[in-house]
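Now for the letters of each chain:
2 protein chains.
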Amino acid sequence: MIIDWKKISEKIYEKLKDDVSQITWEKPTLWAILVWENSASLRYIRQKRKWAEFVWMNFELKQFDEKVSEEELLEFIASWNKNRSISWYIVQLPVPQHINSTKLLRTISPDKDVDWFHPENQWKILIWDTSGFAPCTPYWVMWIFKKLNIDLIGKKIVVIGRSNIVWKPITAMLINRWATVTCCNSQTPDITEFTKMSDIVICAAWQPWLLKLEDINDDTIVIDVWFTVIEGKIYWDAEFDNIHANWNLITPVPGWVWRLTVANLLKNTLKAYKIWNM
Amino acid sequence: MIIDWKKISEKIYEKLKDDVSQITWEKPTLWAILVWENSASLRYIRQKRKWAEFVWMNFELKQFDEKVSEEELLEFIASWNKNRSISWYIVQLPVPQHINSTKLLRTISPDKDVDWFHPENQWKILIWDTSGFAPCTPYWVMWIFKKLNIDLIGKKIVVIGRSNIVWKPITAMLINRWATVTCCNSQTPDITEFTKMSDIVICAAWQPWLLKLEDINDDTIVIDVWFTVIEGKIYWDAEFDNIHANWNLITPVPGWVWRLTVANLLKNTLKAYKIWNM
Numbered sequence: 006m007i008i009d010w011k012k013i014s015e016k017i018y019e020k021l022k023d024d025v026s027q028i029t030w031e032k033p034t035l036w037a038i039l040v041w042e043n044s045a046s047l048r049y050i051r052q053k054r055k056w057a058e059f060v061w062m063n064f065e066l067k068q069f070d071e072k073v074s075e076e077e078l079l080e081f082i083a084s085w086n087k088n089r090s091i092s093w094y095i096v097q098l099p100v101p102q103h104i105n106s107t108k109l110l111r112t113i114s115p116d117k118d119v120d121w122f123h124p125e126n127q128w129k130i131l132i133w134d135t136s137g138f139a140p141c142t143p144y145w146v147m148w149i150f151k152k153l154n155i156d157l158i159g160k161k162i163v164v165i166g167r168s169n170i171v172w173k174p175i176t177a178m179l180i181n182r183w184a185t186v187t188c189c190n191s192q193t194p195d196i197t198e199f200t201k202m203s204d205i206v207i208c209a210a211w212q213p214w215l216l217k218l219e220d221i222n223d224d225t226i227v228i229d230v231w232f233t234v235i236e237g238k239i240y241w242d243a244e245f246d247n248i249h250a251n252w253n254l255i256t257p258v259p260g261w262v263w264r265l266t267v268a269n270l271l272k273n274t275l276k277a278y279k280i281w282n283m
Numbered sequence: 006m007i008i009d010w011k012k013i014s015e016k017i018y019e020k021l022k023d024d025v026s027q028i029t030w031e032k033p034t035l036w037a038i039l040v041w042e043n044s045a046s047l048r049y050i051r052q053k054r055k056w057a058e059f060v061w062m063n064f065e066l067k068q069f070d071e072k073v074s075e076e077e078l079l080e081f082i083a084s085w086n087k088n089r090s091i092s093w094y095i096v097q098l099p100v101p102q103h104i105n106s107t108k109l110l111r112t113i114s115p116d117k118d119v120d121w122f123h124p125e126n127q128w129k130i131l132i133w134d135t136s137g138f139a140p141c142t143p144y145w146v147m148w149i150f151k152k153l154n155i156d157l158i159g160k161k162i163v164v165i166g167r168s169n170i171v172w173k174p175i176t177a178m179l180i181n182r183w184a185t186v187t188c189c190n191s192q193t194p195d196i197t198e199f200t201k202m203s204d205i206v207i208c209a210a211w212q213p214w215l216l217k218l219e220d221i222n223d224d225t226i227v228i229d230v231w232f233t234v235i236e237g238k239i240y241w242d243a244e245f246d247n248i249h250a251n252w253n254l255i256t257p258v259p260g261w262v263w264r265l266t267v268a269n270l271l272k273n274t275l276k277a278y279k280i281w282n283m
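Going line by line, the protein sequences match chains A and B.
Residue numbering for the first sequence is 6 to 283, as defined by the numbering used here.
Residue numbering for the second sequence is 6 to 283, as defined by the numbering used here.
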């Protein structure tokens, strides 16, 4: 069975629209910086603009030539940190190689960091301090559980993947909520040992068809976060067709990840707006 | 079988002594602040002094009356941050309730934070950035694996416990090194499912005799980090007597945790010394 993401997503966007519409004196703006105009980044930016406007926010893009020096870029960001009329912004990654991206992300003021890049905000997720911003992808995974009324306490959850941006915050968030989490990676001798006895599997491995129907049990819920593109064809980590034909709940493919990830970005933007203006 | 911690610990302390003795022009000093004179804190401080002096370091204690105001204490710490002759220090926890300890720990300059309390240093462990200081307890667990020549890649490791200071850094360090880690806690329906098939179990749960011989297999290595004191008697998380009588390798009890944890504190101190003076 496919998780009804349309219903989930619509509810979230309706709520966002509602919250934004209650701000009567001005539209909040999501500010973005784009340094490297590659097709993936442009697609991201388009999605962010589209959904920002959908919930009645403004979207403003500041574009740099990709030859911009690191110094000039960091100075510009520092000026946005000081600018009281720009209360939050994102820097679209990746940046060209001559710019040190770690240094860049640390330059963003944590108070304006709606994309959850700054160490300060990352650390807050670890210790369950909710005063910072939420990591956009991991956070919609938590939404799904909430909307499906899944109580995480005591649940056996397998997270497959080892990226800093996804498994670490997901694992921390799940453990903070008393789940039992097994973190598997490409060096795990037999992932099936764990997935077979799991309540939930979260795939974030960028590995085509890694998880098959026979690797899970009939009650396992499958959350598939990443996909790989090989010769123009999209492959998800989970073998979607076989799994969704069974009783197992599984996230739908494709297209839905975007909408929920961006929804969190907009939610962070609204939070930033409220912190700075209310 | 008991892990030969004496040999491990002696080697580490000899190495530390050696490294310190190569600094010929002055002895490094470990500076400490004590605000609340309870018996546990005094014991900690005594151990830190003892082992610092053992490796030929100085140990200097600045003691405050426990009625000291938060403002006065934070001002004092800020003065140490600026004082170039005090390059690192620890603040012995806990502090009295009228002092906000989160605020206090964030006041410590990350460059001088040999006790691994500052968010900046905690975050670095998460992303495997080794430029900061190491968390003292988790780090000796890694030492044990190194000294026993255990290759962590693909190992199945169960971490029992849910504290910010132990499981999170341990889990991050293990996963960074490609282990498969399951984090269990008091809400896990059946911990035995995981411990039975594990290569290594790390107990950090403060729960007397939680892990029994029948919960593990003959090859499982048991690392027991915490103990509980009930009516003056020490209980470890693992049922030591039965497990060590079997083939399983297990950390010895009691007394050894101290020595290795403090060794890491001294190693951090030496690192800080070198950063500031060499």
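If you are wondering where the hints come from, they were derived from the structure by calculation, not from laboratory data.
Just to be clear, a hint being listed does not mean it is correct.
For identical chains, the list gives no copy identity; a pair is met inside one copy or between any two copies.
Cross-link-like lysine to aspartate or glutamate pairs, in silico, EDC-like; alpha carbons within 20 Å at most [what the hints assert, rightly or not]:
1. K108 <-> D134
2. K276 <-> E75
3. K11 <-> E76
4. K55 <-> D134
5. K129 <-> E42
6. K129 <-> D156
7. K67 <-> E15
8. K108 <-> D223
9. K279 <-> D224
10. K12 <-> D223
11. K201 <-> E75
12. K20 <-> D224
13. K11 <-> E65
14. K16 <-> D224
15. K108 <-> E125
16. K72 <-> D195
17. K279 <-> E75
18. K22 <-> E42
* Asked: What hints, given by number in increasing order, does this structure fail?
  -> Of the numbered hints, 2, 3, 4, 5, 6, 7, 8, 9, 10, 11, 12, 13, 14, 16, 17 and 18 do not hold.
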